[in-house]
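Those protein sequence lines, which keep their order, are chains A and B.
The first sequence: position 145 = 145 (the numbering used here), numbered continuously.
For any residue, its number in the numbering used here is found by taking its place in the second sequence, counting from 1, and adding 1000.
Check the hints yourself; a few may be wrong.
Here are the computed lysine-lysine pairs in the DSSO-like style, where the Cα-Cα straight-line distance is at most 30 Å [what the hints assert, rightly or not]:
| # | chain 1 | residue 1 | chain 2 | residue 2 |
| --- | --- | --- | --- | --- |
| 1 | B | Lys-1420 | B | Lys-1339 |
| 2 | A | Lys-143 | B | Lys-1414 |
| 3 | B | Lys-1339 | B | Lys-1267 |
| 4 | B | Lys-1339 | B | Lys-1414 |
| 5 | A | Lys-143 | B | Lys-1339 |
| 6 | A | Lys-143 | B | Lys-1420 |
| 7 | B | Lys-1267 | B | Lys-1414 |
| 8 | B | Lys-1267 | A | Lys-143 |
| 9 | B | Lys-1420 | B | Lys-1267 |
Everything labelled a hint here was simulated from the structure, so no lab data went into it.
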Amino acid sequence: MKRLALILALVLATPVLAVQPDEVLDDPALEARAREISTGLRCPVCRNENIDDSNAGVSRDLRLLVRERLVAGDSDAAVVEAVVARYGEFVLLQPDARGANLVLWLAAPALLLLAGGVAFVSIRRRSTAPDEALSEDEEARLKDLLDR
Amino acid sequence: MLTELGHFSLILGFTVAIVQMVVPMIGAQKGWRGWMAVAEPAAAAQFLCTGFAFAALMVAFVTSDFSLSLVVDNSHSAKPLIYRISGVWGNHEGSMLLWLLILSGFGAAAAWFGGDLPERLRARVLSVQASVGVAFFAFILFTSNPFARLPVPPFDGQDLNPLLQDPGLAFHPPFLYLGYVGLSMSFSFAVAALIEGRVDAAWARWVRPWTLAAWMFLTVGIALGSWWAYYELGWGGFWFWDPVENASFMPWLFATALLHSAVVTEKREALKSWTVLLAIIAFGFSLLGTFIVRSGVLTSVHAFANDPERGVFILAILFVFTGGALTLYAARAHAMEAKGVFGLVSRESALVANNVLLAVSSLVVFVGTLWPLLAEMAFGRVLSVGAPFFDAAFTPFFIALALILPPGALLGWKRATGAKLARQLVPAAVLAAALAVLGYAIGSGRSALGPLGLALGGWVIGGAMVDMWMRSGRGTVAARLGRLARLPRADWGRGLAHGGLGVTFIGIAGLLSWQQEDIRVADIGDSWSLGGYEMTLDDVTQGQGPNYLTTMAQMTVRDGGDVVAVLYPEKRIYPVAGMPTTEAGIDGGLWRDLYLVIGDPQDAGGWAVRSHVKPMAAWIWAGAILMALGGLLSLTDRRLRVAAGAKRQAATPPVAAE
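Please model the entire structure based on the sequences and the hints provided.
And the structure:
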């Protein structure tokens, strides 16, 4: 867990713990936006961690960068864009829905439509078919056998 | 010496498994009873051999035998006993041996308690089970030998990853593996049935207890892991959509689907081929999970094995078993003609919807987990898929699942009508609406998540209660209550498991919508307030544990002057591994957890301190415990005990022998 981050943190400085008190902005509205943005950005040197939770030094830099941009008056989207421009789409924890990424976003809804459709059609076809189920006597005997 | 005996015993187990794989299968094909009968003693012998090997490794860890390279890499003489024991599976080789132990344990359980299974089916099941065993014996012996010796033993070990030195994580892998590997039984039954060409109600009834047991262990394992992440990682999250978490979540979703579709196969002889397919897929995803975790192919927080040779080996196992089973399925599935006819509005249809939604939601997890790998290989795009994606893409399907759960559970088999159902569900709807209003009233207005989650939880819990009440029949309240108490355990299990899901929903919604946080620099003696509580940093002391150094804070939490809790959050450094860990100070409660973390000393004096109030946090795991309890209750139901193939006089449930 966070081994790389921790090693880095140990090597670079004393370990820091996620968001530090000195980073927190005075304006609660801006700070809330900063936190929101931070949870969507990946720490570049960690394994599956956002910069808000990360202990790595680079995450701290990114958190500070996000806050700097926000204080300067950037919109949320502009802040994210600035970070992506510097580190690539790798830092986006929620990939965009452009190009090949459409597969990622649409695979499940497509399967839902497909499976739902197949199930609906086959159940409807089957439900109108003649009933070939066991007769009452057979059912009773089966139940008897199973419950023994 | 014992180590060498353990190694030898493992090789012996390998040969026994080969015999168990080949001989009974031929016997079953030819109808030779003597050859079929080999399966049982072989399964027992295989289990004993693996058990001896595992015990030998455990002795090496407990006695800190540093002539074993595995012990050197993952243990230390100063480590407390429990972590010397859990160190056995806190590494690649040992955890694979645990995998194998559990696999052969399930096989032996099927041999010992499957007395009433038809002879041929049992021989084939044990043979298929042994074939999985053969693959993993080979994997361990040829790529991951836990018994490798060092020519020059060092003076002491390098310690276990400190994050793993924790009670929650000591027991997380065994439970997870019991679940992962338990699904191998469903797989073996499915493949045996395909070879046999026969799937009927009785088959479904034999499969169910094994699936139920696996599902229950998987539930406990996942909950333990999530709980560990909550208190150990220091920021109080409970689920990170980490590839390794996903690896355990996908088999869980499929096992859940399998449990439900097996019900339809058992009661109505419908969905047969789908149930068989699910059994194959569920175990396929267990193998995929093993591959993801063991190969480290997806960079993830848990990967402690990064050897490509091993990855390729497991990938081969994955392809051979799922590919082989699916081929067999393609050849034989048409033989399994569905019998039960049912209408569009019926419990069968609801269970089909349940299966579709579970399969689709696991596809979200599957695609999301593998997408970074695919995108990089196929499109050269280096990207990440993290929690925000899964939250957005996964949640809608689970909301839909929660919505259809109560009506689905109440619908009659075959053909049902909507009107009666709507009447029955009024109480659940009222509960849901009441909770939504409550959620809206407390709501900080941050999002619709809180009220929505509470409403869903109320709907599911209310639905489970209505379901139980409807099963109590007609008559006076007293008579119905009496009957309620005498309902079969499987009914109670179902109610508990469904209710547990609702409880978890409420916990997640409460935690995510109403948690409060404070980050500050505090001097000793400082106080601050958060969420109606007043917190004081009383003291910070330096101390020493058995194998770590600790910075421990004492913090008092007061509510209107009364002391609620005195907590001792810690920051530990494990000098041997050179790693710090955080130990949050947590005061758990029914309605909220108080969660305190001590950070670093600041240059200008004082300490960085984080405090959280986390509403309903305990409900998340309470729900999981309820689900697992529900599984346990069902498992002890007489019908399933018989169904597992147990002889009628056998008093113990089949899997208790694990």
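Can you confirm whether the C-alpha distance between B:Lys-1420 and B:Lys-1339 stays at or below 30 Å? holds (27 Å)
Open item on the list: Holds or violated: B:Lys-1339 and B:Lys-1267, Cα atoms, limit 30 Å.
Closed with: Cα-Cα ~11 Å, so holds.
Pair hint outcome, B:Lys-1267 versus B:Lys-1414 [Cα-Cα no greater than 30 Å] = holds (11 Å)
**Asked** Is A:Lys-143 within 30 Å of B:Lys-1414, Cα to Cα?
**Response** Holds, at about 17 Å.
| query | Between B:Lys-1420 and B:Lys-1267, is the straight-line Cα distance small enough, at 30 Å or below? | reply | holds (22 Å)
Checklist entry - Quick one, are A:Lys-143 and B:Lys-1420 close enough, alpha carbons at most 30 Å? => result Holds. A:Lys-143 to B:Lys-1420 sits at ~27 Å (cutoff 30 Å).
| request: Below or equal to 30 Å on CA atoms is what counts here, so check A:Lys-143 against B:Lys-1339. | output: Roughly 16 Å between the alpha carbons, so the hint for A:Lys-143 and B:Lys-1339 holds.
Q. If you draw a straight line from the CA of B:Lys-1339 to the CA of B:Lys-1414, is it 30 Å or shorter?
A. Status holds; Cα separation ~12 Å.
For this session: Quickly compare the C-alpha distance for B:Lys-1267 and A:Lys-143 to 30 Å and report which way the hint goes.
Result: Holds. B:Lys-1267 to A:Lys-143 sits at ~9 Å (cutoff 30 Å).
Every hint from the earlier list agrees with this structure, and none is contradicted.
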